[in-house]
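Protein chains in written order, with this note's numbering: chain E, 1 to 146; chain S, 1 to 514.
In short, the hints are calculated from the structure, not lab data. Watch out, some of these pointers could steer you wrong.
What the hints assert, rightly or not - Just some of the chain S residues that point at chain E, by a computed CB distance under 7 angstroms:
| id | residue |
| --- | --- |
| 1 | E12 |
| 2 | R257 |
| 3 | S407 |
| 4 | M447 |
Claimed, not checked - Covered stretches of chain S, as calculated for chain E (at least 3 residues, CB under 8 angstroms):
| id | stretch |
| --- | --- |
| 5 | 107-120 |
| 6 | 393-404 |
Treat the numbers as computed from the prediction; the structure is a model and nothing was measured. Note that the Cβ used here is the ideal one computed from N, Cα and C, for glycine as well.
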Amino acid sequence: MSDRIASLLLIAVGAVFIYLATQIQTAFFSDPLGARWVPIFIGIFLIGSSVALFVQPRSTVEWPPRDTLLRLVLTLAGFIAYGFLLNPLGFIAATTIAFALFALQFGGKPIRAVLAGAIFAVAAYLLFSTALDLYLPTGALFERWF
Amino acid sequence: MEAFAALLGGFETALTLQNLIFVFVGVLLGTLIGMLPGIGPINGIAILIPITFALDLNPTTMLILFAGIYYGSQYGNSISAILLNVPGTASSVATTLDGYEMAKRGRAGPALAMSAIASFIGGTLSIFGLVFLAPALAQFAIRFGPAEYFVLIVFTFTTISALTGKYFVKGLIATGIGLVLATIGLDPGTGVPRFTFGQLPLYDGIDFVSATIGLFAVAEVFQLLEQSRVGGEVRTKIGRAMVSVKEFWESFWVMIRSALTGFLVGTLPGAGATIASFLAYSNEQRWVDKEGSFGQGDVRGVAAPEAANNASVSGAMIPLLTLGVPGSGTTAVMLAALLALNLNPGPLFIQQQPDLFWGLIASMYIGNVMLLVLNLPLVGLFIRVLLIPRWVLVPSVAVIGYVAVFSVNSSVFDLMVMTALGVLGYLLRKLNIPVAPVILALVLGPMMETNLRRALSLAQGDATVLVGSPITIVLWIMVAASVILPIVTRKNPLASASPAAESRDEEDAPPLND
Chain E
1 MSDRIASLLL IAVGAVFIYL ATQIQTAFFS DPLGARWVPI FIGIFLIGSS VALFVQPRST
61 VEWPPRDTLL RLVLTLAGFI AYGFLLNPLG FIAATTIAFA LFALQFGGKP IRAVLAGAIF
121 AVAAYLLFST ALDLYLPTGA LFERWF
Chain S
1 MEAFAALLGG FETALTLQNL IFVFVGVLLG TLIGMLPGIG PINGIAILIP ITFALDLNPT
61 TMLILFAGIY YGSQYGNSIS AILLNVPGTA SSVATTLDGY EMAKRGRAGP ALAMSAIASF
121 IGGTLSIFGL VFLAPALAQF AIRFGPAEYF VLIVFTFTTI SALTGKYFVK GLIATGIGLV
181 LATIGLDPGT GVPRFTFGQL PLYDGIDFVS ATIGLFAVAE VFQLLEQSRV GGEVRTKIGR
241 AMVSVKEFWE SFWVMIRSAL TGFLVGTLPG AGATIASFLA YSNEQRWVDK EGSFGQGDVR
301 GVAAPEAANN ASVSGAMIPL LTLGVPGSGT TAVMLAALLA LNLNPGPLFI QQQPDLFWGL
361 IASMYIGNVM LLVLNLPLVG LFIRVLLIPR WVLVPSVAVI GYVAVFSVNS SVFDLMVMTA
421 LGVLGYLLRK LNIPVAPVIL ALVLGPMMET NLRRALSLAQ GDATVLVGSP ITIVLWIMVA
481 ASVILPIVTR KNPLASASPA AESRDEEDAP PLND
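This is chain E alone, in the form it adopts within the complex (with noise of 0.2 angstroms):
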């Protein structure tokens, strides 16, 4: 069952990507080709694909359970909001809470994880930055006393 939704879904990406593509400027200097006909065969592609899929599916999926469902969107809030905190707060202390909120999904003890997200990140910081001179921010709310 869930091959033959994904199949649809997959249909109806296609249809949007050969609609989407039909929409893109032509250039005045163009090859042949042109920009729109590859994008097309792969919708085209896609949607066949989908279709025999659809028609014959091929395996059972088990979903996960609702609570481990929460508990997954939960790891990818916190996968978004790593990303947004890193600027504001700086990599050590962005990446200290995420280390201790994702080692927190993955069973460890609070105490634990926050401390080793503590030295995980500083060290990360330490070599990256430091050691490799690649640039990690340091965080605008830190900004001033560096």
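The hints should help you fit chain S onto chain E, whose structure is shown.
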């Protein structure tokens, strides 16, 4: 022969104490950087370039250092591919297919060891190939025009869709999804924005690192979380740290053939290593996989791509050194370094700078040996990574993934793309749609399109150019074969040989209601 004498001269250059030290340092640093999930050879070299320039070495030594870093990070990628299911570069994706399965079954040691050995054999064979065949191969590579490239990439897609995962249709869908993602960005031919919805960061398309970390690392986090709550904690076991003699001999011809494939494909400027590793994997699956064990942790499934992608490294050096055209992204970085040092690779390079050329070749060989010597003993250490408790390991991998993605553009947008692809990757895994073709299509899709349009441009719209040369015809036949064979041999060969596989195979099951 003269080439051999020159090679010996090269060894003389390479075997000085200073150069040996730098090969060692390069391989070590490369391995360490490559081990970090998401950081591939290109990032590795790019990160280490400022340090190497600060050391102010002579050109030969610097090139030797780069070669060491390149080899090292190629191997380091296999480590994160096998232990964590996060490939650092597209050519390591094929390694994840069996490597991670082996790690899950407690055979991470043999996987890592086989990876080192296969890399060594692949690299060694191809270096000899380089010595004796460089000019001839340059000729072969020249015959590959855009039309030939186009068909080659189509062949790679069909072959991989047929062989990854259990269902051909799902492999095709995965390729389709990847191709959809690949078209996002500015059109390579005309510069027109496609599917960017006005978002400026999307103009460059979806970045490879975001896609890899998202589809592999983030999706893995979701999947592990689900498993630990639903399926019960999977106790990771660590077995021995070395391949058995039996496994080695079983894989011997696999490695030789894959090295050959890798070397030939690597000479084609472009995505040599990626195509090479996947073609080798699928070829070997066709040749030797009688029980359908590829994809379930067959050690030969690790040997094939590893031998091929290392062989392709030397192959990729050929266009760089003989034609001045980089054979891969990493050799492009090397080209930049060479130019910065005022050296000009090209047809006259071998004549004008024989010491440099042969010294480099010799040190590549030494780098190969160094890799084996350095890493085989360390395999025991590397697999201990799996013993780190999950609540530490998973967040660490996630954070490093964030750093890797962020280091590309310092962009939060990239992180969001990564997260979205993580959700997609999780859904794909639940639906039994293989993820490898998605990333492969993302990497090779633009190249396929560019070559198609270039071929048509050069032929001024005449589509017969696509079947114009013997190479294209042969490749089209191979494409047809790779599509028809799986459909014709629908009766799954797994069914009779292995009962466990049979229970998973539901292709012949009655219509499902859920």
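So, going through the hints one by one against the coordinates:
About 34 angstroms separates the beta-carbon of E12 (chain S) from the nearest beta-carbon of chain E, more than 7 angstroms, and the hint is not met. Using the Cβ-Cβ criterion of 7 angstroms, the hint placing R257 (chain S) at the interface with chain E is not satisfied: the shortest such distance is roughly 30 angstroms. For S407 (chain S), the suggested interface contact is upheld, since its CB lies about 5 angstroms from the closest CB of chain E, less than 7 angstroms. For M447 (chain S), the interface hint is violated, since its Cβ never comes within 7 angstroms of a Cβ in chain E; the closest pair sits about 12 angstroms apart.
Proximity of the stretch 107-120 of chain S to chain E, defined as three or more residues with a beta carbon under 8 angstroms from a beta carbon of that chain, is not established by the 0 residues found. Counting residues of the stretch 393-404 of chain S whose beta carbon lies closer than 8 angstroms to any beta carbon of chain E gives 8, which meets the minimum of three for the stated coverage.
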